[in-house]
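Dock chain B against the given chain A, drawing on the hints supplied.
Line by line, the protein sequences give chains A and B. Going by this note's numbering, the first sequence opens with residue 19, and the numbers climb by one from there. Going by this note's numbering, the second sequence opens with residue 19, and the numbers climb by one from there.
Note that these hints are calculated values from the structure, not bench results. Some hints here could point you the wrong way.
As the list claims (entries may be wrong) - Straight-line Cα separation of at most 25 Å, DMTMM-like style, residue types lysine to aspartate or glutamate; simulated pairs: (1) Lys43/A <-> Asp155/B; (2) Lys278/B <-> Glu282/A; (3) Lys38/B <-> Glu182/A; (4) Lys181/A <-> Asp35/B; (5) Lys278/A <-> Glu282/B; (6) Lys181/A <-> Glu326/B; (7) Lys43/A <-> Glu188/A; (8) Lys311/B <-> Glu267/A; (9) Lys311/B <-> Glu326/A; (10) Lys43/A <-> Glu158/B; (11) Lys129/B <-> Asp260/B; (12) Lys311/A <-> Glu289/B.
There are 2 protein chains.
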Amino acid sequence: MRIILVGYGTVGRSLTDLLKIQINKLRRTHGFYPRVVAVVDRGGAAISSEGLDLETLHRVKVEKGSVSFYPGVGVAGISALDVIREIDAEVVVETTPTNIVNGEPGMTHIKEALISGKNVVTTNKGPLALALPALMDLAEYNNVLIRFSGTVGGGTPVIDFAKECLNGEEIVSIRGVLNGTTNFILTEMEEKHVAMKQALSRAKELGYTEEDPSMDIKGIDSACKLVILANWVMGLRKKLEDVEIEGIENLTLKNVEERKRRGELIRLIGEARDEELSVKPLPLPKHDPLCVKGTLNAVTFQTKFSGEKTIVGPGAGGVETASAVIRDLIRVKAALMKR
Amino acid sequence: MRIILVGYGTVGRSLTDLLKIQINKLRRTHGFYPRVVAVVDRGGAAISSEGLDLETLHRVKVEKGSVSFYPGVGVAGISALDVIREIDAEVVVETTPTNIVNGEPGMTHIKEALISGKNVVTTNKGPLALALPALMDLAEYNNVLIRFSGTVGGGTPVIDFAKECLNGEEIVSIRGVLNGTTNFILTEMEEKHVAMKQALSRAKELGYTEEDPSMDIKGIDSACKLVILANWVMGLRKKLEDVEIEGIENLTLKNVEERKRRGELIRLIGEARDEELSVKPLPLPKHDPLCVKGTLNAVTFQTKFSGEKTIVGPGAGGVETASAVIRDLIRVKAALMKR
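Only chain A is shown next, with the shape it has when bound in the complex:
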């Protein structure tokens, strides 16, 4: 399977590393022969129809800053859009950074890939939070797939779980801790009795959040994930603007400690129920499976007949997200085989 990789940051590099390590197992277990025929970053691209050497790719990126320095097949200045249009491949893996204003440049990359008949696997929340229903329609019209397991729960297969493991059931509601950074902050506050400011500094120190943490703190990252999850799993057609959002910015240590004395923990909960989507801090009984600690994510699916099922796991990280991309690639491969 020929792959064009757009964006070569943490997730992209983790992906090529993981493909390198797992290649034999993927061939043996899934008959999956990935061939990376192009990688694009801001400096240009490396392109080879025979497949790029993943070790060289990583080395060139680290040493010279752009894959366009790849010996022999590097092309400086070429745009992702040109590569997506002109290079033959079965799949475009889109891993550029999330932009929730207009989804760019990921939005254009994904649309162009779908229009040119290429399947898409993406870890980019922006385009999906803004326009998942339209992108699904576009994929269907062009008879290709769009997959995005890595956008929710990172390495924890939240989306796959709901889609693959709850067949024949009806999902009545979704409630989840969808952002590891805010959960880390809340855990620090409740366990170390520190104010939010201090907990936030600690999160920055540990690399759990960006210099500007507002996407996390204000609940926007959680809302993006909630939109993606609810649309895909419950068949809704919601956008980011439809979510009622309240972040954790106004929570005080006093709020947290008062709840704790009553046996409750405050968690930033994204919830989809009766077609209404919301993100807000909620007190939960401390034994609720959603009361996970640190940077973990957790999502509870309430089903009509067989109760609540919760999935818990690491919510972010390069390797974790790359493992989600590989799961998606295996699914795309299985779908291609059926044709």
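Chain B in isolation, oriented as in the chain A frame:
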């Protein structure tokens, strides 16, 4: 899809109820048209190639004690084996009670179904714990499927999760709370400060355990589930006798409370690691996602690259287990479509 249902106890009746309620949705969403052509219980069978009426079936069973009183098509005294052999169907759903000595009568039912070219969906742990590898071989040889989602985690798709959602990963170890009754007892002890005897009485009162609770308390039920899970997910060929088993029968309230003071909770943990299988009470940090309360089940899969993922949910119950049977039936249907 024509279904022979063997055993018409709690799970069987929940299954026909759930099929009745969900029939339109199953048709619409999965193109799944189930037709129950025979039901067998200890008194005989009801057989109709056109499909039995599920409401009549339930009513006859409750009012007269056996489906053999089904008007017109009831057959008193006929054996399950004869029905499995002689009635045309795509699937046999085996729901007779678990027997861990020799797996009977389920073992013979399942073998006969596979040999006669029928797919099998079962909720019976006995045959699988004693001989899963051999039954898998037999299914493969006869080009049919055997599925058993309901045997582990009840309504919580533990088995499906590992098989369907962790593609491309390697599962390094499995650790889980696999028995709801013992977990209820441990929770009662740690929260209500009562001795095991008292907690056990409460479990009996609430209908969480049989009159003879030794299968639960001695860890045997957990061991059966561990064998099934580990064989299927990790590709092992273990039997019940290969599991090192220690139950909770010797735990005292003092043990539980001492651990609690150190921030730990004792859970009866089934673990598969390095091809070694064990069931024993273990102290876990109280924030471990496996420290679930009450009758919940929880299983953590440690993966090679993307960390630990835990799934939590109700472990037992008629409707819950029936929902697992329906998931399996949908998978069998999908597999039949591919042929």
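(request) Could you tell me which of the hints above the structure violates, numbers in ascending order? (result) 7 and 8
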